[in-house]
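Novice: Starting from the given sequences, assemble the full structure and let the hints guide the process.
Number of protein chains: 2
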Amino acid sequence: MDSISIGLLGLGTVGSGVVKIIENHQDTLIHQVGCPVKVKKILVQNPSKSRDVGVDAATLTINPEEILNDPTIDVIIEVMGGVEDTKAYLLEALRKGKNVVTANKDLMALYGSELLAAASENGCDLYYEASVGGGIPIIRSLADGLSSDKLTKIMGIVNGTTNFILTKMSQEGSPYDQVLKEAQSLGFAEADPTSDVEGLDAARKMAILASLGFSMNIDLDDVLVKGISSITEEDIKYGKQLGYTMKLIGTAHRDNEKVEVSVQPTLLIDSHPLASVQNEFNAVYVYGEAVGETMFYGPGAGSLPTATAVVSDLVCVLKNMRLGVSGRNLLTPQYTKQLKPKESIYSKYYFRLHVKDEVGVFSNITAIFAQHRASFEKILQLPLKESGLAEIILVTHQTSLKDYEDIIKNLEGLEKIKEIKSIYRVEGGGR
Amino acid sequence: MDSISIGLLGLGTVGSGVVKIIENHQDTLIHQVGCPVKVKKILVQNPSKSRDVGVDAATLTINPEEILNDPTIDVIIEVMGGVEDTKAYLLEALRKGKNVVTANKDLMALYGSELLAAASENGCDLYYEASVGGGIPIIRSLADGLSSDKLTKIMGIVNGTTNFILTKMSQEGSPYDQVLKEAQSLGFAEADPTSDVEGLDAARKMAILASLGFSMNIDLDDVLVKGISSITEEDIKYGKQLGYTMKLIGTAHRDNEKVEVSVQPTLLIDSHPLASVQNEFNAVYVYGEAVGETMFYGPGAGSLPTATAVVSDLVCVLKNMRLGVSGRNLLTPQYTKQLKPKESIYSKYYFRLHVKDEVGVFSNITAIFAQHRASFEKILQLPLKESGLAEIILVTHQTSLKDYEDIIKNLEGLEKIKEIKSIYRVEGGGR
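Those protein sequences? They're chains A and B, same order as listed.
Straight run, no breaks: the first sequence in the working numbering ends on number 713.
Straight run, no breaks: the second sequence in the working numbering ends on number 713.
In case anyone wonders, no lab produced these hints; they're calculated from the structure.
Because the structure is a prediction, the values reported are computed rather than measured.
Heads up, none of these hints are tricks.
Since copy identity is lost for identical chains, a pair holds within one copy or between any two.
Cut-off 30 Å, straight-line C-alpha distance, at most; resulting in silico cross-link-like pairs (DSSO-like, lysine-lysine):
id, residue 1, residue 2
1, LYS435, LYS302
2, LYS435, LYS320
3, LYS320, LYS432
4, LYS691, LYS622
Specialist: Listed below in structure tokens is the structure:
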């Protein structure tokens with residue numbers, strides 16, 4: 283090959299980073315790939331917009347067909363975002379025999395298995411490292427580095443915005459709304475932060491990671507999702523007293539062939555490697571039967587880290603082209619998905635209750651837990667300023683999701699409970 | 283291919299782990315590789331020894347030629363250790379067109395470039411993930427995941443024994459000798475711990491990581507090595523007071539095209555991600571121009587983690603065989619090695635001195651530092667029980683290795699200094 287031509291869909295911050303890395307590291311690319319690599323055409327919305335990356339105006343186009351129908355373009359890099367149109371473009375590219383690199387988690391979470399199947403049918407590569415970990419090469423580690431092991435647990439802090447917010451809330455004792463505003467002004471949260479703070483972004487990434495790590499098609503709908511917007515300073519503070527750090531944790535768990543996947547605010551025991559992952563950093567913790575504990579840590583987002591992952595994928599695609607093996611390394615899932623029923627999804631839980639300060643209340647409450655097979659690891663009762671009320675914090679041992687839901691229903695019916703202030707998943711410590 | 287036959291050199295703890303994983307994960311291997319994988323012959327020293335892994339006695343041999351000359355054996359897995367004989371076996375295997383997976387860091391550190399060249403000439407694969415990180419897929423991450431970035435710094439806790447000892451010394455305030463004995467009785471240190479505690483094991487791994495990360499041939503001799511056997515509880519305690527954790531840190535640093543590689547006991551600032559890596563765990567921290575900070579964490583050794591890395595390498599070798607691209611993905615180094623001169627190797631240093639408690643001593647000492655362009659970040663002076671003496675702790679700003687050596691020479695000549703108790707590298711904090 284004399285040179286390789288890339289078609290780039292999108293020229294936002296990640297797209298600009300990709301252009302810069304391809305230019306700046308041309309020597310390294312030639313060394314690795316064997317020929318020059320150039321970005322031939324770029325799909326943009328507005329060609330006349332001023333940009334902080336130097337690109338020849340002639341490479342810009344607003345017409346995707348100019349790229350998809352160009353037979354000299356070998357590889358499509360998709361960094362435009364969006365789902366339905368983007369999916370159509372990538373399917374067309376694959377049908378035309380073009381290899382694809384994408385950074386699009388929404389697309390991969392919703393249509394990953396369809397796109398991977400299309401790639402396989404057309405003998406094309408589809409790489410998507412940047413869709414999950416920003417700069418963390420986690421897809422590669424799951425696909426290759428830990429390929430001979432049986433993974434039983436993947437836990438991740440996979441959203442930088444929420445980790446930044448929870449770190450600040452924890453360090454400064456500030457309320458959620460105030461820290462969210464600070465994160466927005468620093469560029470760590472978007473104007474509409476819903477997708478991040480409600481856990482949807484993390485859920486998409488966990489669906490992708492679980493699919494790959496467990497070799498089965500996990501859909502976004504299979505992920506139980508709860509966001510961080512109702513977390514209070516009080517719960518963070520009580521968590522600290524009990525030895526826990528509040529984190530938004532994605533968990534994918536496999537017992538035999540049955541799995542559960544969730545994204546939930548979690549009180550994580552301080553000694554867990556994920557508990558010390560701060561600010562906008564991400565990390566994925568993987569437990570394999572043979573390897574034991576491993577963890578991958580790095581920037582979760584950002585223009586250059588994400589662009590690095592995109593270009594590293596590009597290098598793999600180009601090596602495969604040179605070797606004539608494009609699309610031949612894709613694996614279909616080994617297992618059929620089986621989700622765990624509520625009766626066998628186990629976790630510990632933290633309950634904070636405001637109760638009437640009367641004789642027998644504690645006994646009434648604990649009877650409900652006992653009835654549903656839940657025993658306690660930690661109990662804390664504190665008087666409240668508001669007279670006649672007490673605050674009770676209960677941390678259970680492992681309890682099934684079914685029992686947990688029944689306990690809540692029963693607590694809600696108890697006249698002596700003024701309010702269930704909060705409930706969180708707890709991870710770590712004893713049984 | 284109907285099935286693939288492996289020749290295993292060595293059946294110690296790692297070799298037994300490899301046999302077990304290949305047996306237990308046969309389904310996964312068939313899914314990934316497309317055919318059964320079996321261990322056909324195993325080189326051992328004593329075939330009649332009783333073993334905790336079930337192998338057919340007929341597969342055992344004491345004659346390496348039975349394996350190397352068997353044309354039906356496609357892949358050699360080397361987990362026997364040793365250097366000269368082992369190198370000869372692997373070179374013979376490569377010449378005979380057999381692909382190789384090795385877990386041998388001594389061999390790769392000393393003869394890695396020669397073996398990789400032989401693999402390339404013979405169109406064979408040579409994979410060596412298990413030689414560095416035990417269960418951490420770091421070789422893969424450097425080779426592929428971060429391939430498009432320019433790495434400027436690799437820092438690693440790459441020896442489990444020393445990290446275990448330093449963690450215990452730090453947590454318990456116990457002296458080195460006592461903790462070493464404890465580590466030996468727990469199986470975390472060998473009867474002759476020299477290679478671990480004197481930093482040689484870590485130096486071998488750093489030579490391998492730096493060679494790959496910087497794409498140049500770094501030899502073991504290029505690594506400046508200092509072990510942990512003279513670390514005292516006092517220095518760990520003072521380090522803590524100043525906000526540092528004592529770790530044996532391997533550092534590979536690139537400025538433009540010049541590099542430095544060392545393994546030294548280091549007072550690492552508590553906020554550094556490596557500072558919280560405890561006990562026998564290992565971690566490698568990588569800084570790339572584009573990606574920023576990433577870290578890979580996991581078990582540094584152990585039979586099953588290392589065996590997992592070996593079998594994951596085996597899967598890659600087998601996939602390459604299936605695709606007909608064995609040996610075609612090896613890269614020769616892109617750069618010629620250039621080592622930094624002492625004048626441009628910079629670091630901060632911690633000095634602990636016992637000095638005569640006289641007028642002008644402090645001024646005499648600091649004058650020596652000033653003469654060699656070293657200024658101070660932290661200063662601590664404490665009275666000593668022994669009358670007439672004081673203890674001084676100095677932490678410098680960045681100082682060249684040349685100046686550092688000159689400072690020591692000058693301090694040693696100063697009559698008012700009773701003893702230079704200890705000197706350590708310091709990492710983190712300000713300039």
